[in-house]
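Protein chains: 2
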Amino acid sequence: MEWEAIEKRLNDLLEKGRHGELRGAMMMLNEVDIAQYMETLDKDKLLLVFRILPKDISADVFSYMSADQKQTLIESIGDQEISSLIDDMFLDDAVDFLEELPASVVKRVLQSATPEKRNLINQFLRYPENSAGSLMTIEYLEFRSEDTVRQAMEIIRKEGLDKETIYTLYIIDQTHHLIGTLALRKMILASEDTVLSDLMDRNVVFVHTLDDQEQVAELVRHYDLMAIPVVDKEERLVGIITADDIMDVIEEETTEDFEKMAALTPSDDEYLKTSPFKLALNRIPWLLLMAVIAIFTGMIITYYEDVLSANAAVGIILTACIPMLMDTGGNCGAQSSTLIIRGLSLGQITLKDFFKALWKEFRVAMIVGTVLFAFTLVRVHFVNGATWPVSFVVAAALLCTIILAKALGCAMPMLAKRLGLDPALMASPLITTVVDMSSLFIYFTIAKAVLKI
Amino acid sequence: MEWEAIEKRLNDLLEKGRHGELRGAMMMLNEVDIAQYMETLDKDKLLLVFRILPKDISADVFSYMSADQKQTLIESIGDQEISSLIDDMFLDDAVDFLEELPASVVKRVLQSATPEKRNLINQFLRYPENSAGSLMTIEYLEFRSEDTVRQAMEIIRKEGLDKETIYTLYIIDQTHHLIGTLALRKMILASEDTVLSDLMDRNVVFVHTLDDQEQVAELVRHYDLMAIPVVDKEERLVGIITADDIMDVIEEETTEDFEKMAALTPSDDEYLKTSPFKLALNRIPWLLLMAVIAIFTGMIITYYEDVLSANAAVGIILTACIPMLMDTGGNCGAQSSTLIIRGLSLGQITLKDFFKALWKEFRVAMIVGTVLFAFTLVRVHFVNGATWPVSFVVAAALLCTIILAKALGCAMPMLAKRLGLDPALMASPLITTVVDMSSLFIYFTIAKAVLKI
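Top line first, the protein sequences correspond to chains C and U. In this text, residue positions in the first sequence follow numbering that gives the first Met the number 0: the first is 0, and each later residue adds one. In this text, residue positions in the second sequence follow numbering that gives the first Met the number 0: the first is 0, and each later residue adds one.
Treat the hints with care, since some could be wrong.
Since the list gives no way to pick out one identical chain from another, each pair is judged satisfied if it fits inside one copy or across any two copies.
[As the list claims (entries may be wrong)] When the alpha-carbon atoms are kept at most 16 Å apart in a straight line, the in silico EDC-like pairs for lysine to aspartate or glutamate are as follows:
#, residue 1, residue 2
1, Lys185, Asp172
2, Lys355, Glu80
3, Lys277, Glu217
4, Lys232, Asp305
5, Lys185, Asp55
6, Lys162, Glu269
7, Lys451, Asp305
8, Lys351, Asp161
9, Lys351, Glu3
10, Lys7, Glu38
11, Lys232, Asp41
12, Lys7, Asp59
13, Lys277, Asp55
14, Lys185, Asp161
Calculated from the structure, these hints are not laboratory results.
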C-alpha cells in the first residue's frame, strides 16, 4: 500500500473516533512510520494518537519523532506519563532528546523521572557534546570470563529484553575492566559447557568516554563493527555505542563538511525547519569576510589601471577575459581541495603525504593547464579578435593560475589540518578568493612584460 | 601497542624466518589490521605471509586487502589455492573482488572455482553495477513459519557458521516468498515451543534486485536496519544486504556527490593511487565546458564596452568591482545549492517543497542582500572614492545578484532532480558560471540606467 493511502486510512479512523481500529492499524506499521504519521498531526490529535498507541511501542515511536513534536507532546502530557515514557526509553535516546529541549522543559522531565534514572541522565548530560560519552548507552550485557555458555544464555534470556544489543557480549574482570568481547553467533555455535574465556576475542577495539565522535566513527567504519565499547579513564567498561548511532554521526559530520565547504556556519537543524533569519545568520559572516578580501582584488585592478587604459581595444579584451580567468582558477582550486578534503576525512590521505600530493597536483596542473592554454590561446585570437601577443598573455596567465590554484587547493586543507583546524574550511570559496587576487596580479604582470606597457 | 611497533615486530619475525611465531602474532590481530600489514609487503613476502596465515582467516583477510594486492596475490598462487580461497569467501565479497579484476584474471579465477560457486558468481556478475542484486549476499538463514524456536535454533547451530548474519531470520512460504522476519533477540527470549509465525514481524521492509543502491541505503538508514532482504521480480527471497556494506555504499555515494559538486568526473579510485593523467582526465571536460560558457560572460563585457569607457575614472571603479560581484554571486549560489543538494540526498527536502524552498531562499536573499548592499554602498563610496550614484550601481547590482544566485542555487538542483539528473551536478561551479553571466548583464543595465550612459 502506498504511504498516502496508509495516511488517509489512519486519518479516516482518527476522525471517525474508531480508536480500537486505529490502534490495530498502527500495530501493523513500523515504529519509524508511526512517528512519521504523527509528524502530520496537530497538538490535540497528536496527544490523542499517542495515548491510543500500545504502551510497549510508544517509547520507541517517541524516539523517532522530531524534536518539535516531542516538545509539543511533553508539554501536553502529565508528569506521570513523562516519567513512564522516560523510563521506557533507552538511556541514549532519552539523553539525546533532553539535549534538544529548552532548559525549562528539561527540568520538568527530570523532576518526573525516577531518582535512579535522573542520576544517570544527569551524569550523561555532563559529557561534552560530540564525545563518545554523550553517544553511548548503558543498555549492554556484561559477563564474567568464567561464565559458561549455558549461564550466559540464561543471563541473556533474563536481561536481554531491555538491552540495545545482545549480539555482542562484553566480558569484564572483577575490577570491571573490559577483557574481551564475544559475538553471540560464536557463542550459539559453541557447546553449552564451554567457558566464555575460551571463546572470547581478547583483541578488543574500544574508545574512551572523551574521545571525539569522528574518531569513534572512523574505528567502527575501519573494523566494520556493529557496536564499540566505551571505557573511562581507568579503562573500566562504562557503555557501548551501536552502529546505527554511528551512521547518524557520519551523516552529521558529512553534512558539516558540505556546509563548511560552501562557507556556511554548520547547523544541526533541518533546512525546511530553519527560519530565514537563522539561515541568513549562518551565511552573512562568511560572505562579508570574502567581500572584504575581494576589496583587495579590486585594488589590484585599480593599481594596474594603466594596463587596461593604455590601449582601449586591448584593455577591453583583457577586461573581458577576467571572468574566465577567475572562474577557471576557482574551479581548479575547488577540484583539488575537494579531493584532498575528502581524502583526509576518509583517512585515505594523511599529513605525511603532503609532498606526494603536492607533486601529484603539480603534474595534474601541467596537463590540465596545457590543454586549457592551447584552447584559450586559439579562442582569444580567433573569437575575440585579439593579436597573438594579447592571446598569449591571457593563456599564459591562465596556465599560471591553474598551477597556483591546484597547489593552494592541495596545500591549504593540509596546512589547516596541521594547525588543528578543520580542512573543510579551506574549500572552494576561500581558495577562490585567494586565487582571484593572485591570478589578477599574475595576469597584469605578464601583460605589462609581454605588451611592454 | 602502537601500530608502528606492531608492524616492526611482524617485519622482524618475517625477516628472521620465524614463521611459527609470525603466525601466532598475526592470530592476535584483527583481520583488518592483518590486511593493512600485508599492504606494505612486496610480491614475494606477500605470498609467503599469505601462506603462513591460519587457513580459517585467510579468506577474511583477503577480503580486506586492496584491489592491487589482491591481484598481485592471485597472479602468484596456483589454481588449487584460488579455488579454496573463493570457496571460503562470502559470495558478495567474491563478486566485489572479481568486479575489480581484469577480465583475463577473472577467467582464471572462475575456471578454478567449483562449478556450483562458478554458476552463482556468474549470475551475480550479471546484475547491473550499483544495483541491490550486485550488493547482496546469499549467506542468510531461511526458515518456515511453522518451525518452532527449538527447530530454528538447531538450524542456526548447524548452518549458522557460514552465514553473514544470523541476527535476523528470514521466513518464507512454500513458494519461497518472503512472509516475515524475526530478530534473533526476540526468538532467544521466547519459549522453545513457540512457532515462528507467532513471533515474526510480517511488516517487512525489502528491496528488489534491480533497485538502485542509493534507494537501498535510504531505506536502511530510515529504518535503522541491520540487514535488508532482497527479492526478485516474482517477490521471492534471493538475498540480503548487510548494514556494513550499506555504510560503504553511503560513503561511496557521498564521495560521488562531493566530486560532482566540485565539477569532477566521479571515480572509485583512491586519490593517492590514481595517476596524474587519470586525475587530469576527470577534470578537463568540466573545465573546458565552463571555459566555453565564460566566453559569453566575456562577450557581455565587450558588448557594454561603452559603459566602461565613457568615463575613465568611473570605468575603472566599475571594473574593479567585477571580482567582488562575481565572487559574492558564486558564494551565495554555492551556499544555497549545497543546502538543497544535501537536503535532497538525505530526503529532508522533496520536489513537493519546491515553492516552499524558493520562498525561503528569497527571504534569506533579502536579509543577506540588504546587509551586503549597505556594506558595499558605504565601502565603494569611502574606500574606492566613488560618487554615491556609482556606489549605488555596484550595491544594487550586488543585491540583484544575491537574489538571483540564491534563486538559481535553490531551483537548479531541484529541476535537475525533476529531470532525472543528479542534483549534485548543479552545484557551485555551474551555478557560478551562470550567475556570473547574469550578474554582469544586470550590472551594466543598472549602470546605464542610473549613470545615464
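Of the numbered hints stated earlier in the document, which are not met by this structure? Hints 1, 2, 3, 4, 6, 8, 11, 12 and 13 are the ones this structure does not satisfy, whereas the remaining hints hold.
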